[in-house]
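Take the sequences, apply the hints, and build the full model.
Each chain is listed here by its residues.
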Amino acid sequence: MKVVVIGGGPAGLAAARAAAGAGADTVLVDSEPTLGGQFHRGDPQRVDPRVRHLANSTVWAVEGMRLHVRTGPADSPSRTGETLNADAVVLATGAHDRVVPFPGWDLPGVYTAGAAQALAKGQKIAIGHRVVVSGTGPFLLPVAESLKAVGAEVLRICDANTGLGWLGRPRAASPAKLAELLGYAVRLGAAWRPRTAVVAAHGEDRVNAVTVAKLNPDWTIRSQERVAVDAVCVGHGFTPRLELAVAAGCVLTDGFVQVDHTGATSVPGWYAAGEVTGIGGADLAAAEGEVAGAAAARGACPTKALAKVRSGRRFAAALADAHPIRPGWHTWLTDNTLICRCEEVTYKDLRAAVDLEASGTRTFKLTSRIGLGLCQGRTCARAAVDIATALSGDRRTFFTPADLQRRPIATPLRLAELASLPEEDL
Amino acid sequence: MDVVVVGAGVIGAACADALSAAGLRVTVLDRGPLASGTSAAGEGNILVSDKEPGPELDLALSSLSRWPALVGDTDIEWDPKGGLVVATGDPAPLAHFAAVQREAGVDARWITPAEALEREPHLTTRVTAAVHYPQDAQVQPVLAAQALLSNVRRRGGVLRPGVTVVGLDARGVHTSEGVIACDHVVNACGPWSGEVSRALGAPIAIAPRRGMVLVTAPLPPTVHHKVYDADYVGAVASGDADLQTSTVVESTAAGTILIGSSRERVGFDESIRIRVLRELARKAVALFPSLADVPVMRAYGGFRPYAPDHLPVIGADPRVPGLWHATGHEGAGIGLAAATGALLAELLTGATPHLDPTPFRVDRPGVLECA
Amino acid sequence: MRVTIDGVPSQATPGQTVAGALLAAGRTSWRTTRVKSRPRGVFCGIGVCFDCLVTVNGVADVRACQRLLVDGDDIRTEGP
Ligand SMILES: Cc1cc2nc3c(=O)[nH]c(=O)nc-3n(C[C@H](O)[C@H](O)[C@H](O)COP(=O)(O)OP(=O)(O)OC[C@H]3O[C@@H](n4cnc5c(N)ncnc54)[C@H](O)[C@@H]3O)c2cc1C
Ligand SMILES: Cc1cc2nc3c(=O)[nH]c(=O)nc-3n(C[C@H](O)[C@H](O)[C@H](O)COP(=O)(O)OP(=O)(O)OC[C@H]3O[C@@H](n4cnc5c(N)ncnc54)[C@H](O)[C@@H]3O)c2cc1C
Ligand code: FES
Chain A
1 MKVVVIGGGP
11 AGLAAARAAA
21 GAGADTVLVD
31 SEPTLGGQFH
41 RGDPQRVDPR
51 VRHLANSTVW
61 AVEGMRLHVR
71 TGPADSPSRT
81 GETLNADAVV
91 LATGAHDRVV
101 PFPGWDLPGV
111 YTAGAAQALA
121 KGQKIAIGHR
131 VVVSGTGPFL
141 LPVAESLKAV
151 GAEVLRICDA
161 NTGLGWLGRP
171 RAASPAKLAE
181 LLGYAVRLGA
191 AWRPRTAVVA
201 AHGEDRVNAV
211 TVAKLNPDWT
221 IRSQERVAVD
231 AVCVGHGFTP
241 RLELAVAAGC
251 VLTDGFVQVD
261 HTGATSVPGW
271 YAAGEVTGIG
281 GADLAAAEGE
291 VAGAAAARGA
301 CPTKALAKVR
311 SGRRFAAALA
321 DAHPIRPGWH
331 TWLTDNTLIC
341 RCEEVTYKDL
351 RAAVDLEASG
361 TRTFKLTSRI
371 GLGLCQGRTC
381 ARAAVDIATA
391 LSGDRRTFFT
401 PADLQRRPIA
411 TPLRLAELAS
421 LPEEDL
Chain B
1001 MDVVVVGAGV
1011 IGAACADALS
1021 AAGLRVTVLD
1031 RGPLASGTSA
1041 AGEGNILVSD
1051 KEPGPELDLA
1061 LSSLSRWPAL
1071 VGDTDIEWDP
1081 KGGLVVATGD
1091 PAPLAHFAAV
1101 QREAGVDARW
1111 ITPAEALERE
1121 PHLTTRVTAA
1131 VHYPQDAQVQ
1141 PVLAAQALLS
1151 NVRRRGGVLR
1161 PGVTVVGLDA
1171 RGVHTSEGVI
1181 ACDHVVNACG
1191 PWSGEVSRAL
1201 GAPIAIAPRR
1211 GMVLVTAPLP
1221 PTVHHKVYDA
1231 DYVGAVASGD
1241 ADLQTSTVVE
1251 STAAGTILIG
1261 SSRERVGFDE
1271 SIRIRVLREL
1281 ARKAVALFPS
1291 LADVPVMRAY
1301 GGFRPYAPDH
1311 LPVIGADPRV
1321 PGLWHATGHE
1331 GAGIGLAAAT
1341 GALLAELLTG
1351 ATPHLDPTPF
1361 RVDRPGVLEC
1371 A
Chain C
2001 MRVTIDGVPS
2011 QATPGQTVAG
2021 ALLAAGRTSW
2031 RTTRVKSRPR
2041 GVFCGIGVCF
2051 DCLVTVNGVA
2061 DVRACQRLLV
2071 DGDDIRTEGP
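Residue numbers (the working numbering), protein chains in the order written: chain A, 1 to 426; chain B, 1001 to 1371; chain C, 2001 to 2080.
Read the hints as simulated data drawn from the structure, not as lab findings. All the given hints hold, so there is nothing to weed out.
Beyond 12 Å from chain A on every Cβ pair, some chain B residues (computed):
no.	residue
1	M1001
2	R1066
3	D1356
With the C-beta cut set under 10 Å, the calculated list includes, among others, these residues of chain B facing chain A:
no.	residue
4	L1034
5	S1036
6	V1142
7	A1145
8	L1149
9	P1161
10	V1215
11	P1218
12	I1259
13	R1273
14	R1282
15	V1296
16	R1298
17	A1299
With a Cα cut of at most 27 Å, we get these calculated DSS-like pairs of lysine-lysine:
no.	chain 1	residue 1	chain 2	residue 2
18	B	K1081	C	K2036
19	A	K148	A	K214
20	A	K308	A	K177
21	A	K304	A	K177
22	A	K348	C	K2036
23	A	K148	A	K124
Built from N, CA and C at the ideal position, the CB exists for glycine as well.
Dropping the structure here:
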């Protein structure tokens, strides 16, 4: 029985351990040089020695149960190839920051919250001296803390929501989670500003100031002020990395891979765990990984982990409810605000596409050029579709999450790499 | 007179444009968003270079001259960039092909390998012969279809995305949104025309032929014409189910390079095949060695609608009065759309057709199927 | 480790990414966009946005935030 785990974050690590523990021949493929994913960045993790770990290795395409892997330095034409034939796959590819666009968000000095975190933890670099953190969700807090740890002054932590929604569901959070949040409150409380947001970034070639607004509950602007900064970081929750799930044909629900309690997806042999199935933090990801790894290897169900998954998902649902994205952000945009950073497509361009009745993903992309650049819509597609749906008013639209995530080539490879795939790898 | 055009791809759009220009009241239905089928899943070449003398070439030449006027000032990324067909082996077949094309009115200019390299500096030096086709052009197919649909809307026509056609009887077209009364119905459902014709009670033999295209990262200008291998012509005319690829390399307005395209008969199977992508990559690198290190960022594809004899089907259905078909354009529907719309409107309104419609008639051998 | 960045020799440490080195050297942008020539540097930091592209040892379109420096690397950027 061969189990291939894709992704070496908390979910993938736990899945690989569980699968190997259940006796499966287990391979862990991770695109990073060291294990640990986003959460453990800067603190390399180890995996069960029975697991074959392929570091610097990216699954770039799937054909049924066959996974195509490139191994070597990122984007290097000299990577080597390998094809893995799996009996079961655990998809644990995690997520990346979701960012709601605003005027100036493409200026250098504006980073995602995750970038600030990754640079602080992985490279010991502070993105600036005077930083505003903005967005929504509990992730802003560890980011602010990491920024302080590498010497940045965090002027404000702006959450566009109040973050209090989940308090109405006290059973949602474990005592440990509450203690963690309380700790942040004590250490960062002075900078914390609920119902505020960075709604514009200013500067010529890099950011030198931001407009911070007080918001109404729907995120429209009540009042604003200018704050001098040399960096900003923004995060509005996360977007799962779904290209492999979509390529494998997994059904999505609410934009995440649909799984049952064991992590089984709609496609036989394909399991998923961690943030691809829902956003709930590293502990939940690890518990989900353990359950899915055991299920993939047809081992005994780890009941303790399963209980953790259940309670963790309750907490995750409460957190998600407390940190919605409200439509008022559309009012922050001007005609010339970029929505697609790669192809430089503006808000106005999107309106023109809607006027041409581009109402499905393909036509909307080809009409406006949104999402046709190198990032293939990873950064902008959700925002663009939100905007298009809003601008379409009563008109019918046909956008589906799976269409947005359809990228049969999951990461770019060089033409010669593709051309030189050996016959036995096909 | 009321006409319902089923299918809002480039062919349905061109038919609706021509019919509304002729004064008919037109409703365009599509089960999905407008212009989102095959017409959003291919490339936008308007070619004469790949066609041998015959009815399809006549249709192509007519279309070529009609496209610019149809869209007026609308930007559809029209680029009369010209085609360059190169041979890397025996030059004789290409020379012969170009010679007969010239007799049929194609501007096919024999150039030396050195001249080819001057036009395309990144081309392989293994070129043994080349023909330049100044008439070949390119459009962005979705913009082109939308421009035609905008014409229809401007003339008072109705566009209804999200409406699926399920049948036809004396009352009119039956759809997911009820019955629409009309005098004529045009089946322009691309590769789905076969299944739709069955639902309409008048089956025709249209099947899908899958094609994949690779897209590179945006590059500084590297490829200037539509460049392809002389073996392309053989692939178009063949009926083999097996994979066929031949390199077609061209850049787009956005700086990306499209590498197309394969031909496979695999039904409507959408799953990706790495073998197909590899063949495309191999042939592209052979033609343009300097593309070796360029990143491929996407693979996409669609299903070309084809008839058994590889000719479009344009005309009245002999079995069901008021039913018309405009389909089966295979890998050339974008290019052939303008003349197809014109011809269909001429036939439907009883005007004199601008070219001989007989080769495209519905009741030719192999096209009609038993109900 | 010794590397060169836009022709200037510099020191790098194992585990340092190309983006890490550029940021440490005080650069916040090193590329411009195709249409409007707008400056770009790191945005997502984890290989998703493709804003941070550089040329490494003559090969273009390498994500600086993903690529670890190795001894002798020659890094070229597009701009300031
Ligand atoms: C940039 C960033 C920083 C974060 N930092 C923190 C933090 O400090 N604290 C915190 O509590 N939460 C953090 N989070 C949230 C974090 O995502 C989760 O808490 C946790 O890491 C999720 O675990 P996971 O295993 O689901 O995914 P991840 O940890 O994201 O792991 C997924 C792994 O899969 C790899 N991968 C993706 N696609 C492929 C592929 N095609 N082939 C091979 N490998 C692939 C990725 O490189 C990654 O190593 C961060 C999120 C992001 C985006
Ligand atoms: C990879 C590839 C590359 C290509 N390159 C070129 C090229 O360079 N140049 C060129 O000229 N051609 C090219 N083609 C061919 C060209 O794309 C097609 O010939 C053309 O798009 C066909 O247009 P159509 O309008 O007939 O079909 P479509 O665009 O598919 O339109 C048919 C429409 O019918 C709708 N429909 C289906 N069933 C129903 C129903 N029951 N009720 C209502 N609506 C329905 C569909 O939703 C669809 O929108 C290429 C094709 C492929 C696949
Ligand atoms: S910063 Fe986004 S890919 Fe490097």
